[in-house]
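Got chain F sorted already, so can you dock chain R onto it with the hints?
Listed here are the chains, written in short residue letters.
There are 2 protein chains.
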Amino acid sequence: MSLIHPMILCGGSGTRLWPRSRKAKPKPFLPLVGERTLFEATLDRVANPEMFAAPIVVTGSAHLAHVEEQLGASDGATIIVEPEPKNTAAAIALAAVRLPRDAVMLVCPSDHHIADTSAFEDAAARAAQLASEGFLVSFGIEAKTPETGFGYILSGEKLEGGARIERFVEKPDVETARSFLADGRYSWNGGIFAFGAGRFLDELAKYRPALAEAVGNAVAEGEADGIRFHPSDEAFARIESESVDYAVMEETDSAAVVPADMGWSDIGNWDALYQSREAGEGGNVVSGPAQLVDCRNVMVDSDGPRVSVIGLEDVVVVVDGGDILVTTREGAQKVGKLEGAANQ
Amino acid sequence: MSLIHPMILCGGSGTRLWPRSRKAKPKPFLPLVGERTLFEATLDRVANPEMFAAPIVVTGSAHLAHVEEQLGASDGATIIVEPEPKNTAAAIALAAVRLPRDAVMLVCPSDHHIADTSAFEDAAARAAQLASEGFLVSFGIEAKTPETGFGYILSGEKLEGGARIERFVEKPDVETARSFLADGRYSWNGGIFAFGAGRFLDELAKYRPALAEAVGNAVAEGEADGIRFHPSDEAFARIESESVDYAVMEETDSAAVVPADMGWSDIGNWDALYQSREAGEGGNVVSGPAQLVDCRNVMVDSDGPRVSVIGLEDVVVVVDGGDILVTTREGAQKVGKLEGAANQ
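Top line first, the protein sequences correspond to chains F and R.
Using the numbering used here, you'd call the opening residue of the first sequence number 5 and step up by one each time.
Using the numbering used here, you'd call the opening residue of the second sequence number 5 and step up by one each time.
Hints listed in this document are in silico derivations from the structure and should not be mistaken for laboratory results.
These numbers come from a predicted model, not from an experiment.
Built from N, CA and C at the ideal position, the CB exists for glycine as well.
One or more of the hints may lead you astray.
Claimed, not checked - Some chain R residues flagged as far from chain F (calculated, every beta-carbon gap over 12 Å):
| hint | residue |
| --- | --- |
| 1 | LEU7 |
| 2 | ALA28 |
| 3 | VAL37 |
| 4 | ALA81 |
| 5 | LEU163 |
| 6 | LYS210 |
| 7 | ASP265 |
| 8 | GLN279 |
Said to hold, decoys possible - Residues on chain F that point at chain R, a partial pick, calculated with CB under 8 Å:
| hint | residue |
| --- | --- |
| 9 | GLU44 |
| 10 | VAL297 |
| 11 | GLY326 |
| 12 | ASP327 |
| 13 | ILE328 |
| 14 | GLU334 |
| 15 | LYS338 |
Unchecked claim - A few chain F residues that face chain R, going by a derived Cβ cut-off under 10 Å, partial list only:
| hint | residue |
| --- | --- |
| 16 | THR19 |
| 17 | TRP22 |
| 18 | ASN301 |
| 19 | VAL304 |
| 20 | SER306 |
| 21 | VAL311 |
| 22 | VAL313 |
| 23 | LEU316 |
| 24 | VAL321 |
| 25 | LEU329 |
| 26 | THR331 |
Looking at chain F on its own, in the form it has when it is part of the complex:
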C-alpha cells in the first residue's frame, strides 16, 4: 500500500489546562505527558517511514515559531500557515488541495495523548485501506466512561476493519452517555480521520461548495516560502469556519469508522492529565519540587516554587507563571471558566 500522508492540526488556544497552558504557549507545545510535547509525540507517532510520508502541519501564524522549533528533523515536512483560525474543514481542505488526488491523508490533532502507538498504527492502516476504497473514515475511540463532553459515533453495517457510521451524536447528557456505553456500538469521535484527498474535496464541494471554492482560491493565490506555504490572506478571509464533522462527515453517505483502543486521552482538563500520567506511591503524581504528606491521588505540577501538601485526596495543584491553581479532580472541568484562564 502507498504511504499515508499525515496531516497534523496544530492550533487552538485551550483554557482548560490553565495556568500551564496559555494563549502564548498552548497545549500542543507543552510536555504534558513524558518528556516530549504533545506535538512532538504526534510527529513521533507518524514517523515510521514504511507507513507514513512526510507530515503536513497546518497551524496559525501565532504558533509558527513553536511549530518550527519543535518540528526538528522531519525530512520533507511542510507547514501550511493559516492567517486566522477557520476550524477543521478548511484546515483539512488546504492540505488536501496540495496533495495528489489519489493520496490518502491521516488527519491528526496534536492536542491528544495516545499511549499505544502500535494500536494507533494498526487503526491507521485499517482506516487508510477504507479511505482508499472511497470511505471517509473516523477513528472510533473505545468509550470507557460516560463522558458528556465528547461526540459519539454509532457503528452500523460491518466493513473490513471497521463499519459504516450509522449516526453521529453530539455531547449527550450523562444518562444517554451511560446507555451508549451499555449498548456497546458507540465510540468516541476523537477527531482523527483518514480521507482520500480527491474524495474529500469532492464531498466538500458537494456539501459546502463555497467553502471548497474559497479554499481552492486561497491555495491558488498562495505563496510558498521554503517549507512554509501561505494561503492568500484575502481569499482565506472569505472561508467559512466550520468543523469537518458538520461540513462533511455528517453529510456524506460514505462515512466509516475504525475501532481504536489505543490509550487515547484528549487531556481535556487537569483530571484527564492526572489519569494519563504514571502515578507513584499512593496514586500521587509529582512534577517539580514538592513534598506530600498523607496524600492520595494528588497531582502537583510546579514550574519552580516548592509545593507542600498535607492530608489531601483527589486534588490537583498547579503552579505556573506566578499563578496557583488548587482544584478537586472533579472541579478540574471548571478551570476554563476561571478569571485567569479566560483573560490570560
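Here is chain R on its own, set in the frame of chain F:
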C-alpha cells in the same frame, strides 16, 4: 489600685505557621488577625493608661529590629534584650529585678490573639488584685475544646475573683481532655501571669536559687542603652533555661487562677488562625489575590501570586516567599514537621 506593669514576652521562632512565619520574621511580628501584628495588638491591649504602666518588652537580639519598628510611640517603654533565649522563668525574672518590689507585673505572651479586650482587662484587674495579696496568678482560659496541645489548670478553693490552683496537668491525651471539659473545673494555661515583682523573685529564689542568682548578676553587670537594657552576656550564659510553669508555678503554695473567657487563641496552626479570622461567604477567608469557586471553609492567604481554588472544603492554601502550602485544616498540625518549616 496602682498601675499594672505589662511585661511582654517577644521571642520564639515557631514553625507551625510556615511558610508565613519564618525564623527571620516570627509570628508576633505578623499581622495574622486584622491589620495589626500580634505584638502590636498585645501592646494595644495594655495601653489603657488608667490601668497599665509603660510596657517592658523582653526579646532576643534577633528580633530587636522588629520590636523597635513596631513598638511605635509607647511612651516610657523599655526593652530588655536577651543575648540568647533562656525560656520564660529567666525572661520574667529579668523584668522583675528591674521593677520595684511592690510593683505588680502582668506577663503577656505576644503570639496569642485575644478578641475581647474588655474581658482581658477585667481578668487582668482581678489577677493584679490577687497578685498584690501575694498570689502567683495564672489566667485560666475557658477550655472550649478537648485540646491535647495545651497545659490545663485545675481550680480549687475559691478566692475573690479566682481560685487557688489545685494542680497543673501537662498536655493530656484526648480522653483525659474530654473528661476535663466535662468536669468544668479545668481551664487552659495560656501563659499569662500576674505577679508581685518581689514576691515572684522570692519564690524563684526559694525553688530555683541558682537561676535567681544568675539573673540578678546578669542585671547587675548589664548595661542600659537608651530604652534598651542589655544583661551581661557572660552572666546570662550561665542561666538555666526553664519555663516559669516548672520553675515557680508548680512549686509555689500560692498559685492562683483567674478565669478568663476573652476569645483567646494561641493561633497554634493554620486551622487556629482560620478560626480566629472573620469568615465571609461560605465560611471562606481570603487574604491576597484569590478566586474561590464552589469552596466552603477554605482559607487562602497569599503574599502576591494569584490563587484559584475550585471545589474544596476545609482546606488552607498559603503562599509566602515562593513557598506554597496546601493542607486540610486537620493536617495543619503537621506543618511544623515539613522539610521547609524545619530547615527554614
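Tested hints:
For LEU7 (chain R), the requirement that its beta carbon stay farther than 12 Å from each beta carbon of chain F is met, with the minimum near 46 Å. Its beta-carbon lying about 17 Å from the closest one in chain F, ALA28 (chain R) satisfies the requirement of being farther than 12 Å from that chain. Here VAL37 (chain R) stays apart from chain F, with its beta-carbon at least about 22 Å from theirs, past the 12 Å limit. With a least beta-carbon separation of about 38 Å from chain F, ALA81 (chain R) lies farther than 12 Å from that chain, consistent with its non-interface assignment.
The claim that LEU163 (chain R) is not at the interface with chain F holds, since no C-beta of that chain comes within 12 Å of its own (minimum 44 Å). Every C-beta of chain F lies more than 12 Å from that of LYS210 (chain R), the closest at about 46 Å, which supports listing it as non-interface. The Cβ of ASP265 (chain R) sits about 31 Å from the closest Cβ of chain F, beyond the 12 Å cut-off, so the non-interface label holds. Every beta carbon of chain F lies more than 12 Å from that of GLN279 (chain R), the smallest distance being close to 17 Å; the non-interface claim holds.
Here the hint on GLU44 (chain F) is broken, as its CB sits about 29 Å from the closest CB of chain R, past 8 Å. Checking VAL297 (chain F) against chain R: minimum C-beta separation of about 6 Å stays under 8 Å; hint holds. Evaluation of the GLY326 (chain F) hint against chain R yields a held restraint, the C-beta minimum of about 5 Å falling below 8 Å. With 8 Å as the threshold, the beta carbon of ASP327 (chain F) comes within range of chain R, its nearest partner Cβ sitting at about 5 Å, so the hint holds.
With a least beta-carbon distance of about 5 Å to chain R, the hint placing ILE328 (chain F) at the interface is held under the 8 Å criterion. For the restraint placing GLU334 (chain F) at the interface with chain R, the shortest Cβ-Cβ distance is roughly 6 Å, inside the 8 Å limit, so the hint holds. Interface restraint check: LYS338 (chain F) against chain R, minimum CB-CB distance 5 Å, threshold 8 Å, status holds. A distance limit of 10 Å between C-beta atoms decides the matter here; for THR19 (chain F) the minimum to chain R is near 12 Å, and the interface restraint is violated.
Of the supplied interface hints, the one on TRP22 (chain F) holds, with its beta-carbon coming within about 9 Å of a beta-carbon of chain R, less than 10 Å. Interface restraint check for ASN301 (chain F): the shortest CB-CB distance to chain R comes to about 14 Å, outside 10 Å, so the restraint is violated. Because the smallest distance between the Cβ of VAL304 (chain F) and any Cβ of chain R comes to about 9 Å, under 10 Å, the interface hint for this residue holds. Nearest Cβ of chain R to the Cβ of SER306 (chain F): about 8 Å, under the 10 Å cut. The hint holds.
For VAL311 (chain F), the shortest C-beta to C-beta distance to chain R is roughly 5 Å, which falls under 10 Å, so the interface hint holds. The criterion of a C-beta within 10 Å of any C-beta in chain R is met by VAL313 (chain F), whose closest approach is roughly 5 Å, and the hint holds. With a least beta-carbon distance of about 6 Å to chain R, the hint placing LEU316 (chain F) at the interface is held under the 10 Å criterion. For the restraint placing VAL321 (chain F) at the interface with chain R, the shortest Cβ-Cβ distance is roughly 6 Å, inside the 10 Å limit, so the hint holds.
Interface hint at LEU329 (chain F): satisfied, since its Cβ lies 5 Å from the closest Cβ of chain R, which is below the 10 Å cut-off. A hinted interface residue such as THR331 (chain F) counts as satisfied when its beta carbon comes closer than 10 Å to some beta carbon of chain R; here the least separation is about 4 Å, so the hint holds.
Of the hints listed earlier, those the structure fails to meet are numbers 9, 16 and 18, in rising order.
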